[in-house]
Structure formats: structure tokens, C-alpha cells
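Novice: Those sequence lines, one after another, are chains H and A. Residues 1216 to 1529 (the numbering used here) make up the first sequence, in order. Residues 1216 to 1529 (the numbering used here) make up the second sequence, in order.
Worth flagging that the hints you see were computed from the coordinates, not collected in a lab. Note that CB positions come from ideal geometry on N, CA and C, so glycine has one too. Hints are supplied without guarantee of correctness; some may be wrong.
Claimed, not checked - Which bits of chain H does chain A cover? Going by a derived footprint, with three or more residues having C-beta under 8 Å, they are: (1) 1293–1307; (2) 1318–1324; (3) 1334–1341.
There are 2 protein chains.
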Amino acid sequence: MAKDLVLALSGGVGGAKLALGLARIMPAEQLTIAANTGDDFEHLGLSISPDLDTLMYTLAGVDNPETGWGRRDESWTFMAALSALGGENWFQLGDGDLATHIERTRRLRSGEALSAITATFCRRLGIAARIVPMSDDRVRTRLRTGEGWLDFQDYFVRQQCRPEVSEILFDGAEHARPQSDFIAALQNPALRAVIICPSNPFISIEPILALPGIREALRATSAPVVAVAPIIGCRAIKGPTGKMMRELGLEVSAMAIGRRYGDLLDAYIVDHSDEAAASRLKIPVVATQALMQTLSDREALAHVVLETADCVAK
Amino acid sequence: MAKDLVLALSGGVGGAKLALGLARIMPAEQLTIAANTGDDFEHLGLSISPDLDTLMYTLAGVDNPETGWGRRDESWTFMAALSALGGENWFQLGDGDLATHIERTRRLRSGEALSAITATFCRRLGIAARIVPMSDDRVRTRLRTGEGWLDFQDYFVRQQCRPEVSEILFDGAEHARPQSDFIAALQNPALRAVIICPSNPFISIEPILALPGIREALRATSAPVVAVAPIIGCRAIKGPTGKMMRELGLEVSAMAIGRRYGDLLDAYIVDHSDEAAASRLKIPVVATQALMQTLSDREALAHVVLETADCVAK
Chain H
1216 MAKDLVLALS GGVGGAKLAL GLARIMPAEQ LTIAANTGDD FEHLGLSISP DLDTLMYTLA
1276 GVDNPETGWG RRDESWTFMA ALSALGGENW FQLGDGDLAT HIERTRRLRS GEALSAITAT
1336 FCRRLGIAAR IVPMSDDRVR TRLRTGEGWL DFQDYFVRQQ CRPEVSEILF DGAEHARPQS
1396 DFIAALQNPA LRAVIICPSN PFISIEPILA LPGIREALRA TSAPVVAVAP IIGCRAIKGP
1456 TGKMMRELGL EVSAMAIGRR YGDLLDAYIV DHSDEAAASR LKIPVVATQA LMQTLSDREA
1516 LAHVVLETAD CVAK
Chain A
1216 MAKDLVLALS GGVGGAKLAL GLARIMPAEQ LTIAANTGDD FEHLGLSISP DLDTLMYTLA
1276 GVDNPETGWG RRDESWTFMA ALSALGGENW FQLGDGDLAT HIERTRRLRS GEALSAITAT
1336 FCRRLGIAAR IVPMSDDRVR TRLRTGEGWL DFQDYFVRQQ CRPEVSEILF DGAEHARPQS
1396 DFIAALQNPA LRAVIICPSN PFISIEPILA LPGIREALRA TSAPVVAVAP IIGCRAIKGP
1456 TGKMMRELGL EVSAMAIGRR YGDLLDAYIV DHSDEAAASR LKIPVVATQA LMQTLSDREA
1516 LAHVVLETAD CVAK
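Please work from the sequences and hints to get the whole structure.
Specialist: Written as C-alpha cells, this is what we have:
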């Protein structure tokens, strides 16, 4: 049987870059991207799914390359008017971005599943790859900090990751059902590779791994599981990964993340600068240019990822 | 006792113009404007109050003079993005206008009354006059047409008033309590005048008159009740008033509207061109320039209205 399906596990920005690279170098309709929804939250009465949206906007080519979130050519009239009315303005919502949240919220309230809504949006935006929420059930990442337990967006946006993190939990994960297309892809005999994208392991990938049966299915699949390090040298490429690792008592390094994924992985891809240290892992480590600045960087990394998967395939 | 309070009953555009005129020629904090909420509706999960908003934006000086609804210097990124996602786009929502609807909806869901929310918005927008919804309870104008009973905005916006109207009802009005500041103003011994603004009688003023006790209180007050005709010659100044009157079997004239208000009125203000016909009413009729094109037209008409009220005061 031709093994031509690819499954990627992804958070927001870094994961979306690699997902775009993958979608451009393979038949995109054979690519399934399972997105973290632990960051989802309700704000101003709207249901917001930041990682799903970053993936959608990136794969549709309407992402904002300057901010890393939200939409290109965005306007901000809503935020200005909301501030004038005294509304909560700590979370930036662009005018075009609002359409996604308002339409999603309306459909969720009418009883549609998040995955069905996402599929409609992707079709309307001309996205051939299948982007699915990790689960249609509610999972919420919460962080224990010096200021008590905080909701993810409260920590991440309102407090800009300033509080020190001592523990992370994924509220609802133990009873959430993995979305059906996600689990079907993971169990499909035609699966060529599972890619763990270069997203923050603690807040973007581990919520997905925390769903019932996912770790077991990753161990059981005959497809190779390949992760890409979200850290280059001792610095996270983007976001609070490094700060979080220090606070959790972990060494800030690509190797520490490789170790954390442990026996889930069949291969690990790191930046050239981390080759020496990461080669101490017990799995094949491939060093390449892991920083994705241009579109061709994304495609090149996607090529390395798929070649590595094919290489270690049983 | 000094009689210095003024109460205006108003719908949207035409009423808002006169309300602005009043607010500019008298101490605005002594002016209460009771707004029709029969046009209110839920759309895309948002609670929208068109007449309240037109009054708010007009009195705050942020109204859109070209459209007659919505905000000045508006952007339309949301509508374009919503259309791209396949959302319902028959009702135009500007990006800045959305802030009003989202913040209002959030507060209504948290249990605040529409009147309290409106008061906060007015304060934030620097409006000294008191704008109150006619009721904090739900009233919905519905129209019986050749296509059956239609919700107001379905008739008014989606179908652009095309269906022929044979009957109008104000669903919920008989059990709705008039808003407390509205009824307090109406019963206040210091009330100088009640002004019925030049709004569509059938869909803007009669929902207010349909609330329990309002017609009785208008008859009981010692303050003069003065209406301004929303029709000049045989043409409504704006909107579907003329078409509606024909369909309801009424003569399209200022006099027919004066007759319809009947014994509620102590005086009636019409345009110069309608003086002869309207003088056949049994109450004092004052002819003036009723078309409000400029800001000074609005102030001039407001002066005539208050002078007429003082003139007919008992």
C-alpha cells in the first residue's frame, strides 16, 4: 500500500510555518493537521481558537507576517471603538479576525462541532489540507503561578508570560475525545509520517498528547514519528518556551525537549548548532537549518522532515 | 416650580435629528429621550438596538451623515471577511459599530439591563442627555405581509420594505414595563413638554405608545404633548412611512398622522406646505420648516417645538 498520508501535530506560529511548508511540497489534501485547542477561550462572549486560526490564516496565505497572529491587511476600528466604550481591550481583535470569531461562535451556539465549522472555514478560504481541532470537546490549559492558577490567555496575553510557572494542567483533557479525523489519520495504515511541529511542547503539543489514547496510538502506529525542535541553541525561536523551561527546572535546550518526548519519537530534527548535544539522544537526530524565515526555508525544512521520516520508516 | 424637563419619544434617524437639536438648545441633562426598541433584534449572536444606536451616535456626533445609520469614519473589514467565510451578510455591520453590539451583548448576558448599558455607553461617549430604551423588557415589532408575518429587520433590511404590509404588532409590548426613568420623566411635575419626534408613527412611535400605561400617562400629564409630522406634502421624509400608510389604507399626509395620534396631542407641528390641510385638526397646528438638513435646521425646529409647547401649556 502507498503510504502517502501525513499527520502533523501543531500549535500556532512555529507549527503553522512548518505545516505550510508541508502543504506546499506534498499533495495538500493528504495532509491532516491536528491543532491544539488548549489555548481556546471565551472573550467578550466570543469563542476564540488562536492556534486553529493561525493555522487557517497561514495556510490560506492571509496571515500577518509581522505579528505572527491575526490577519494580513487588518484594520483596528473595532478595538478603538471598544476602548472608547470602556470594554476590555487587553486582547487584540482585528476587524477581519472578528468575522472568524463571530461566525464560529454563532455556529457553535447553533450546535455545530468546532471541527465541522473549521472544515467549512477552510473550504471557504481555499485550504486543501485538513485542519482539525485536536478535540471537539473543551480542554483548557491552566498554569499554576506565583499568582495562583491562571487561564492560559490571562497568563499569555494579559500578563505577557510574566508570572513564574510551576505547573501546567489541561483541564478537561482526560475526558475529551480526540477529534475523529485526527484519530482516523493516526490509525490509518496509509500513514507515512507523524510530524510533531516546532511548537512549544508544554502548552501546544502536550495538550494534544494528554488526550486519551494519543500517546498509545503514537507508540502503536507503524508510521515514523518525527519531531522538530522549537529551540535553537539555548533560545526558543518564539514565545515563552525558554522562560517556561527554566521555571519548570528544565535545561533550555533542544536535547531536553527531545528527551521529554522520549520514546514517542523515531527521529528528531534539530538545528545545525544543536547537533552535537542532541546526538546523545538514543534516536536518530538530523541537523538542518531549523529557523524558518522565508517560504523556501519552510519548504526545505518540510523536505528534511519527510525524508527523515521515510529514512527511519520500518 | 420651574418646569424644565423635556421628554422626547423617538425612533431612529428623523427623531435623532430633532433630539440633537433639543440637546443643543436646552440644558441637555434635562432632556430624556425614550427610544423605540421594537426594532431590536438578534443577529449573528449579537443584540442589536438600531434606534438606540442612531440616537447615541447622533448625540455623540459620531453618526454617519451619509447613510443615516452607523458610525462616521467607519471601516468594513469585518463584513468582507464574514462574506468570505460564507456568513450572513444582509445586515451591514461596520467595524466600529460592532464594538457597541459586542459589548452590549456581553453585558446583557452578564445580567445588566439594557438601560444601564445604554447609560454607560452614553457617559463614555460624552452624551449629557439621558437616552433610555422604552423598556428593558423584550418587545419585537412584527409585520403581517403577503409573505406572512415577518420580523422587523427581515422586512426592513433584508427585504427592503418590498412586501406589502397589512398589519403590525408589537410582540411583548402588553407585558413590557416602561423603563423606570422614562415613566418617571413622564410623571414628573417639572415636565415642560413631551415631544413626539418626526419618526415613523407605525414602527417607531406606536411601539412606545403600546407599552402599558403610556397612553394614559400622556393623557394625564399636565405637560403639553407636541408631535412633529414625519411627512412633508404627501412624502415621508425618509423610510417607508408613505408606502406603509398606503398599504394600511391611510391617506399619506401629515394630517392623517396628526389624526392618528388623536387626543394624545396638545399641538402639532407640520411643514409650511401642509399648513392648510392640517389646520383642520382640532388642536393648534404650527407650520414651520420641518425638513432638517443642516444642524441649524435642527436647532430651529427644536426652538419651534419648545415654544409651541410653552404656548399651549395649561
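Novice: Hint by hint, which ones does this structure get wrong, listed from lowest number up?
Specialist: Checked against the structure, no hint fails, so every one of them is satisfied.
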